[in-house]
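Line by line, the protein sequences are chains A and B.
Basically the working numbering = 1-based index in the first sequence + 208.
Basically the working numbering = 1-based index in the second sequence + 313.
Keep in mind that the hints were calculated from the coordinates and are not lab data.
Misleading hints may appear alongside valid ones.
[Said to hold, decoys possible] Derived CB-CB ranges, DEER-like:
(1) G367/B to G380/A: 19 to 29 Å
(2) A382/A to A369/B: 29 to 39 Å
(3) S448/A to Q611/B: 54 to 64 Å
(4) G449/A to S477/B: 20 to 30 Å
(5) T397/B to N339/A: 42 to 52 Å
(6) S541/B to G407/A: 48 to 58 Å
(7) A232/A to G367/B: 32 to 42 Å
[Stated by the list, open to error] Just so you have them, the derived chain B footprint on chain A, three or more residues with Cβ under 8 Å:
(8) 308-316
(9) 325-339
(10) 449-461
(11) 515-525
(12) 530-536
[Claimed, not checked] Straight-line alpha carbon distances no greater than 16 Å define the calculated EDC-like cross-link-like pairs of lysine to aspartate or glutamate that follow:
(13) K546/A to E604/B
(14) K546/A to E493/B
(15) K696/B to E604/B
(16) K403/B to D383/B
(17) K546/A to D466/A
(18) K478/B to E458/B
Backbone N, C-alpha and C define an ideal beta-carbon position, used for all residues, glycine too.
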Amino acid sequence: MKKLLVCLLSMAFVSAMGGMALAAVSGPCVNCHTMHNSQAGADVNAAGPFGALVNNTCLGCHTTSGSDPLSGSGFPYVKSTSGAFTDQICLAGGYFPAVDDGTDNLGKAHSLESTATPPGYNSTWYQGTANGLSCAGVNGCHGSQTVADEMGAVKGGHHSPTVYRILWNYNGGAPVGITGLGASDYEEALNLNTTAPTGSYTRTDATYAHNVYIAGGTDDTISKLCANCHGDFHGAGTGSGSPWQRHPTDVALPTSWDPADDAISSNADCKYNPFGFVSGATNTAGAKYATCLSCHRAHGTASYDILRFGYNTALGDASTGQSAGSGNMYGCLGCHSKQR
Amino acid sequence: MAWKHKLMALIRSAALSSIFLFSTFHFLVFSTPALAKVTGECVNCHTMHNSQGGAAMPGVGNISETGPFDALTRGTCVGCHSNTVSATIKTLGSSNIPVVFNTVPPEAGAELAGGNFYWVVTNGEEYGHNVLTIPGIVQDTKLSEAPGIPNPASGNSTCSGCHSKVADCTSCHNPYHHGEDEQPVVGVTQVSNTTKAVYYRFLANGSSQHTAGGVMGIEDSDWERTKSSTDHNEYKGGVLTSSGGHDADSSISDYCAGCHQKFHDTLFVGTSSPWLRHPNNYALPSDPDKEYRLYNTQDGSAIGPYNPQAPVARPVLTGYTGPSDTVTPGTDQVFCLSCHRPHGTPYKDILRWAYDPDDGGLIIAGTTGTGARTGCFICHTSKDGV
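Looking at chain A on its own, in the form it has when it is part of the complex (with noise of 0.2 Å):
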């Protein structure tokens, strides 16, 4: 406990919305770092020391014991040990659970330290297979895939942010940094205030911060990221066009679907199915694309699959799952309109 409140202020990732540039961590040193991971004969850390001096490991710092997934000075939480963490309660990369489910890939979050082959896997980089999946680095999602040690892989990302979220495209090893306009909040209150719309609502455009995730053809895309692990789910594994043999990412949708053809993401649709675009400036008409985090959150949700909504009712995750013709407009049925 008392390692973990060392370290509640500081590595925001934060980047504010409307194309504010990434903002640095601020705070006084100590609350990151430990010079010598050495305090009054103590260690400051047992499972220390760790790369750039920090004081605990990534999980380490941005675990809670409370209920507030972003701290009062905007630190950021992606797991609570004491389970409060919902769908309502949680950032816009949702959580872990507070006990490792102990499955691989059949949870309902990403499995730290499982050594399973990512489902999709069609690269060469991933070492966790033998380390186990961890946040950043040659076993993880942030930072470079090119650097072994986790805090080396997201290096000057705390204090120097250059990218979203410190997220990095491995791009066959020269990585490419992830595009994308971050909410100050991490959709702290899009998440708290937002549920999801019971039948067919009047969309108007979001009231609460929110993300901006780049979608297209470059290699910055939150997709491409994905990608890293789950290269068969974008791109050629998908198919070329319709008739699709897995759902395209990166793909704008048509313009004949109803949400493509108008200049709106409400709040449900940020939060259940948010809409990639190629420029994070403008939300534009016609140029609404599908991603991986239109239908998923990175690090875990109540759902199986880490999707952001009910889906399969016979799992039993959710009351409601994505059924054709049930006139809801979110989730799978936030963008396929005709299918409501």
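Dock chain B against the given chain A, drawing on the hints supplied.
Just chain B now, kept in the frame of chain A:
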């Protein structure tokens, strides 16, 4: 007796020459009034990445298939619409799926309107359309092309200019399961196929020149698993096709004629009695001196109700809100499906009843036995012995 011989010859000629009349019906839709357009949980039929738990997503078919499949489905047409048990409707989650291929005998009395490819696999190529994507079905050995398809060089062909035989389900169906439809008559909006309008049982591929149109009809909610005079599909009739082509009248028979044009076109069928081939899209004569006015008679003196064993088509479906038990000679028509089913039946030539002696034929002129008032005799009411 001459008239009887002539009529029987006509019936036999038409039936034997109509081996492959149409095709696959009843696709994935659900047992609600809005049938043509699919409802139900997405997961019942789709998989986003063909991946679950680190392995390929389990299919929903009862035949061995390897994904991923087009449109992110959990099986091919055949996979989804097949069953290894006798049930002719199978359930996936909240969705009911009509079965077109049972690997065991379909549940007796519960066969669907389109028939079943089981009979083709089990009995042989004469018992259904040779859809080559169905395990066990091979290329027809007797037919190199669809019977009744004109020679492209004749100048009388339409589809036969490019197509000659069935290949897979999409030879007949354009399965826009989520397309826009109308109720109660499906396929009223005849628009470009590119807009993915839904037609009766997704029958649209073979419509005139592929550019527009498809089949209209009213779809029974359980695909006629249960059937009666008031519980059945309603088929769209049309006009007796003029020489040398289609009429694009949205009729089921015009659709069949895409491959079997010689069995539909007046150039080959004739324009009136005596017919050269059995007519279709032709109203049952109402003449008081003709037998057809007593369609499906139960007592030999009064017309009977609609009989799903030998259905009639309605030339105009406007005003129909559901199945009707009334048949009106002079208006309602004999059509391809009056005698045949599209997928497969226990009878040669995909007939709805035992006609060929090899099948234990019951259609025997003058009979007072089991075949009386069945099959051909439902229309040809004076040809049996009762």
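Quick rundown of the hints versus the structure:
no., hint, in the structure
1, G367/B to G380/A: 19 to 29 Å, "25 Å, holds"
2, A382/A to A369/B: 29 to 39 Å, "32 Å, holds"
3, S448/A to Q611/B: 54 to 64 Å, "60 Å, holds"
4, G449/A to S477/B: 20 to 30 Å, "28 Å, holds"
5, T397/B to N339/A: 42 to 52 Å, "44 Å, holds"
6, S541/B to G407/A: 48 to 58 Å, "36 Å, violated"
7, A232/A to G367/B: 32 to 42 Å, "39 Å, holds"
8, 308-316, "holds (count 3)"
9, 325-339, "holds (count 3)"
10, 449-461, "holds (count 6)"
11, 515-525, "holds (count 4)"
12, 530-536, "holds (count 5)"
13, K546/A to E604/B, "49 Å, violated"
14, K546/A to E493/B, "8 Å, holds"
15, K696/B to E604/B, "9 Å, holds"
16, K403/B to D383/B, "22 Å, violated"
17, K546/A to D466/A, "8 Å, holds"
18, K478/B to E458/B, "5 Å, holds"
Figure legend: structure checked against the earlier numbered hints; hints not met, in rising order: 6, 13, 16.
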